[in-house]
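Residues per chain are reported as follows:
There are 2 protein chains.
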Amino acid sequence: MLASSLCLPDLRRKAIFDAANPTLMEDLGLVHKAAAGRYSLLPLGVLVLERMKSVYRRCMIRANAAETVFVTMSPADIWRESGRWDGFGPALIKASLNGGGEICFNPTHEEAAVSILRNRLRSYRDLPVNLFCIQKVYRDEPRPKSELLRTHEFYMADSYSFHADGNDAERGYQQMQDVFSDVFERLSLPCRVIDADNGLIGGSRSVEFQYAHGLGESSFVSCECGFASDLDLSAAGPLCPDCGMQTKTLRGIEVAHVFMLEDTYSTRMKLRFRDHENKLAVPMMGCTGIGMTRVLQTMVLEHVHADGIAWPATVAPFELLIIPAGTPGPQINELLEMLEVRSVRYLLDDRNLPRGAKKAVTKVLNPRFTIFESAARDSWQLLGPGQSVETISTTDLIAHLCGASTDDRAAKLGRVSELVEI
Amino acid sequence: MLASSLCLPDLRRKAIFDAANPTLMEDLGLVHKAAAGRYSLLPLGVLVLERMKSVYRRCMIRANAAETVFVTMSPADIWRESGRWDGFGPALIKASLNGGGEICFNPTHEEAAVSILRNRLRSYRDLPVNLFCIQKVYRDEPRPKSELLRTHEFYMADSYSFHADGNDAERGYQQMQDVFSDVFERLSLPCRVIDADNGLIGGSRSVEFQYAHGLGESSFVSCECGFASDLDLSAAGPLCPDCGMQTKTLRGIEVAHVFMLEDTYSTRMKLRFRDHENKLAVPMMGCTGIGMTRVLQTMVLEHVHADGIAWPATVAPFELLIIPAGTPGPQINELLEMLEVRSVRYLLDDRNLPRGAKKAVTKVLNPRFTIFESAARDSWQLLGPGQSVETISTTDLIAHLCGASTDDRAAKLGRVSELVEI
Numbered sequence: 169m170l171a172s173s174l175c176l177p178d179l180r181r182k183a184i185f186d187a188a189n190p191t192l193m194e195d196l197g198l199v200h201k202a203a204a205g206r207y208s209l210l211p212l213g214v215l216v217l218e219r220m221k222s223v224y225r226r227c228m229i230r231a232n233a234a235e236t237v238f239v240t241m242s243p244a245d246i247w248r249e250s251g252r253w254d255g256f257g258p259a260l261i262k263a264s265l266n267g268g269g270e271i272c273f274n275p276t277h278e279e280a281a282v283s284i285l286r287n288r289l290r291s292y293r294d295l296p297v298n299l300f301c302i303q304k305v306y307r308d309e310p311r312p313k314s315e316l317l318r319t320h321e322f323y324m325a326d327s328y329s330f331h332a333d334g335n336d337a338e339r340g341y342q343q344m345q346d347v348f349s350d351v352f353e354r355l356s357l358p359c360r361v362i363d364a365d366n367g368l369i370g371g372s373r374s375v376e377f378q379y380a381h382g383l384g385e386s387s388f389v390s391c392e393c394g395f396a397s398d399l400d401l402s403a404a405g406p407l408c409p410d411c412g413m414q415t416k417t418l419r420g421i422e423v424a425h426v427f428m429l430e431d432t433y434s435t436r437m438k439l440r441f442r443d444h445e446n447k448l449a450v451p452m453m454g455c456t457g458i459g460m461t462r463v464l465q466t467m468v469l470e471h472v473h474a475d476g477i478a479w480p481a482t483v484a485p486f487e488l489l490i491i492p493a494g495t496p497g498p499q500i501n502e503l504l505e506m507l508e509v510r511s512v513r514y515l516l517d518d519r520n521l522p523r524g525a526k527k528a529v530t531k532v533l534n535p536r537f538t539i540f541e542s543a544a545r546d547s548w549q550l551l552g553p554g555q556s557v558e559t560i561s562t563t564d565l566i567a568h569l570c571g572a573s574t575d576d577r578a579a580k581l582g583r584v585s586e587l588v589e590i
Numbered sequence: 169m170l171a172s173s174l175c176l177p178d179l180r181r182k183a184i185f186d187a188a189n190p191t192l193m194e195d196l197g198l199v200h201k202a203a204a205g206r207y208s209l210l211p212l213g214v215l216v217l218e219r220m221k222s223v224y225r226r227c228m229i230r231a232n233a234a235e236t237v238f239v240t241m242s243p244a245d246i247w248r249e250s251g252r253w254d255g256f257g258p259a260l261i262k263a264s265l266n267g268g269g270e271i272c273f274n275p276t277h278e279e280a281a282v283s284i285l286r287n288r289l290r291s292y293r294d295l296p297v298n299l300f301c302i303q304k305v306y307r308d309e310p311r312p313k314s315e316l317l318r319t320h321e322f323y324m325a326d327s328y329s330f331h332a333d334g335n336d337a338e339r340g341y342q343q344m345q346d347v348f349s350d351v352f353e354r355l356s357l358p359c360r361v362i363d364a365d366n367g368l369i370g371g372s373r374s375v376e377f378q379y380a381h382g383l384g385e386s387s388f389v390s391c392e393c394g395f396a397s398d399l400d401l402s403a404a405g406p407l408c409p410d411c412g413m414q415t416k417t418l419r420g421i422e423v424a425h426v427f428m429l430e431d432t433y434s435t436r437m438k439l440r441f442r443d444h445e446n447k448l449a450v451p452m453m454g455c456t457g458i459g460m461t462r463v464l465q466t467m468v469l470e471h472v473h474a475d476g477i478a479w480p481a482t483v484a485p486f487e488l489l490i491i492p493a494g495t496p497g498p499q500i501n502e503l504l505e506m507l508e509v510r511s512v513r514y515l516l517d518d519r520n521l522p523r524g525a526k527k528a529v530t531k532v533l534n535p536r537f538t539i540f541e542s543a544a545r546d547s548w549q550l551l552g553p554g555q556s557v558e559t560i561s562t563t564d565l566i567a568h569l570c571g572a573s574t575d576d577r578a579a580k581l582g583r584v585s586e587l588v589e590i
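Listed in order, the protein sequences are those of chains A and B.
Note that the first sequence covers residues 169 to 590 in the working numbering.
Note that the second sequence covers residues 169 to 590 in the working numbering.
Some hints could be false.
No copy is singled out in the list; a pair is fine if it fits within one copy or between any two copies.
[Unchecked claim] Okay, derived cross-link-like pairs now, DMTMM-like style, lysine to aspartate or glutamate, Cα gap no bigger than 20 Å in a straight line:
| hint | residue 1 | residue 2 |
| --- | --- | --- |
| 1 | Lys201 | Asp431 |
| 2 | Lys221 | Asp336 |
| 3 | Lys526 | Asp410 |
| 4 | Lys201 | Asp186 |
| 5 | Lys262 | Asp195 |
| 6 | Lys262 | Glu309 |
If you're looking for bench data, these hints aren't it; they were derived computationally from the structure.
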C-alpha cells in the first residue's frame, strides 16, 4: 500500500499525542468529523478497525457463532411485537417509506435475529444457534460527545444466541464472557467485568466490560481484591462485600455488554421449537455487544504515549514500513513483488516529503520493521524489534525478509511467517 | 466452522436450483427476507460476500485506492451544496434528529468524499487520491423486486477519485474500467461494457458493466462484433455503427458503473487545491460503484446449474468439507487442529442428519475437497478436483492435506498452500 493513498495528517506536532486532546482521533488521521456524533473513518482508521474485526470474528467463530448481516431498516411490526417500538424511547430513529411502510433504523438486532429464527427453527436439534454481525447501528443520541465514544451511528459487533433450555443459556452466557475476555486480551485492553443493569435490552442479568478512564460515562465501584460492580447496583457502600476493604469509585468506558435475556423476546415474538418430547417450547436467549468504533478510540486512549501510538501487533495496520530515498525507484520492485506474493502488510512511503516528515508516520503505524533506503540507493537501514539497526544491501534485505535463496522455499516461508505471524 | 451454525435449509429439493425460481436466494439459505426490498444476509451469504469483498479490495488497493467508511447519516447542508437535497428526488431518505438537525441516509457518497477532501487537500502533490468504501446505502426504491436485484438497502462498493487535471482524470477513468474488468473476470462473471447515461450522479460520461439476463431491468443493443450500447443512447437503429451488421436488443443487470464527473461536485462544493504555479485550482473527479449484493445474486444466476451452484474458487466459502460418520468424534481433533493452524477454510458437518441430507450441502458450497468418514471411523473417502475418489486412513489424510511429517515444515507448507492458494 502507498502512504500517499492514506490521507495522512502532518504528525510532527507533538501536542497531538495526548489522551486529553479533544480531537485526538481526527488529529491522528483516523476519522473525519461530518457532524456532531457522526464520523467517517479515514483509511488508517479502517485498517485498524478491520484488524479488530478479524480478532473478534476469529474468537466468535471458534465459539461456533456464525456471521450474519442484519437488515438495517426494520419493519415497525416486529418492533411492536417486542414492545420496543414505543418502549425504546426517543433514540429510535423512525421513518415512513413513500410506499407507506413504517420503519426504524435498527439500534440493536434482537427483533431481526428472532425474526430469522422464526422462519427456520424447527427442533431442539437445531439448537444452540448463535448469530453475530459487525455492522453500523443508529441511535438518536441526545448528547454525542468525545469523538467516537458517544455517537449517532457506530459499528457494533453484536450476537444473539438461542438455547433449548436455561442450562444451555447459562453455558452460553459464561462462554460469551470468556470470549470477550479473550478478545480484549488480544487487543491488550485491560477491562473490568462488572454486574450491570439490563436497560433497554431487557432480560434478567448482564455484565459489562469497563475500561477505566476519566472520559467514560459509567461509574463503578472497584476493590483491589478484584471485586467490581455497577455503582447503582452496588449495595456495598464504601466497603467491599467480598473482602471488607475500602472500595474506590472509578469512571469507565463501557466497551462491551453480555446479556442473559431468558425468554423475553422469544415469548413476546412467539418463537417456538419442538423439544425432546415433541412438545412446543420457547427458546432461551442471550445477546452481546461490543461497540467496535468506541473500542477503536479506547485502544488509542490505552496505547497513546508522548510520541505515538503503541498499537499491539494484533491490530497494527502494517508489519513493514518502507521509506525510500526520494521517489520510489524501480530498484525496489523486486522487493515489493516478494512482499506481495507473501501477503506481507507493507506500506511504501511514496510521498514527496522531507525524511523527517516521513519518519513521523511510524508514530501512528508502529510497524514491526521499518526500512530506510540510503541516499545512494544501494543499501537499507533495517529497524526491527528491539530497535537494533542493521545496514544491509537490497539483496541481503530480501534474503533477510524472505529467505536466503529464491529456490529455498522452506527458508523463505520460515522467514515470512516470522514477519506475518506476529 | 460447523455446519450447524450456518442456518442451512434442506437442499434435497431439486426445484430450488433454477435461475427462474423467484425465491432462489432465500431457498439457498443465502438471505432472509425481512420485508419487500429489505433482506438480512444469512451466514452462507456473508461468507460468499466477504470473499467477493476481498477480491474487490485487493484489486482496488493494487490501483492505489484506500478504504474508507463514509458517514451514513449525512448533514443536509452538504447535499444542498451539491444541489441534490432536492435534485436526487423521492428516493433520498430524509429524517430530522431530535436535536433539530436535518439528515439524509446516504444513497451514494460524492458529498461525503468531497467533504473529507475539503479538510485535507492542500496541493497538487496530494493528488491523485482515490477513496473507496464497501458499505450499505439506502434508497426509497418505489418498486423493489427480484430479491437482491432491486432493494431499499444494499451493499455498494463505491469509489471517489480526485485528480489535478483532466488528463489524470481520464487516466483514472480508464484505470477503473480495467480494475472492474479484472474484478468480474476473477468472479467469472461475463459482463459487457456499454456507454451509459449519468442519471442522478451527474458528470459528462459513464460506462456500465451489464450482465445479460432476462431478470435485468436495463436494455442494451449488442452486436456480434463486440459493439454494445445503452438502448436510449444508441443512435444506430437496427444496424451496428461499427460493422453494419444487424444488432440484437438484450436485457441486462447493471452490476457496475464508472463515471467521469469532471468538476461537477468540486465546483459546486468549492473544493480547491494549489496547482504547480501555486494558483487555486478545482480538482477533476471520477466515481465508480459496484452493487455488491446485486452481484452476489448475479453470481448465483450465472453459476447455478440443475444440481447446485458452481461457485468459482475465488468466492467458494470453503476449501474443504468434512462429513463425519454420525456425531464428530475426538478422533478428528488432530485433523481440525492442523487445519486451523494453517487457516484452511473448512466446514465440519456436525448436524444430526442422514448422510444424504449432509451430502446435499456440497451443492451450495462447491468445496475443492470433500472428505467422508467411513462407518468404522478408521478411514476417509477423499473427493478432490477431477472427482477421483481415494480411500485413505486418518493419518494418511493428514499427511495428504498437510504434509508427511510434522517436522517436515517445508513439505507441510507446500501441501497446505496447494489447498489454500486456489
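So, going through the hints one by one against the coordinates:
no.: 1; hint: Lys201 - Asp431; verdict: neither (40 Å within a copy, 24 Å between copies)
no.: 2; hint: Lys221 - Asp336; verdict: neither (27 Å within a copy, 35 Å between copies)
no.: 3; hint: Lys526 - Asp410; verdict: neither (53 Å within a copy, 52 Å between copies)
no.: 4; hint: Lys201 - Asp186; verdict: within (19 Å within a copy, 47 Å between copies)
no.: 5; hint: Lys262 - Asp195; verdict: neither (34 Å within a copy, 31 Å between copies)
no.: 6; hint: Lys262 - Glu309; verdict: both (13 Å within a copy, 17 Å between copies)
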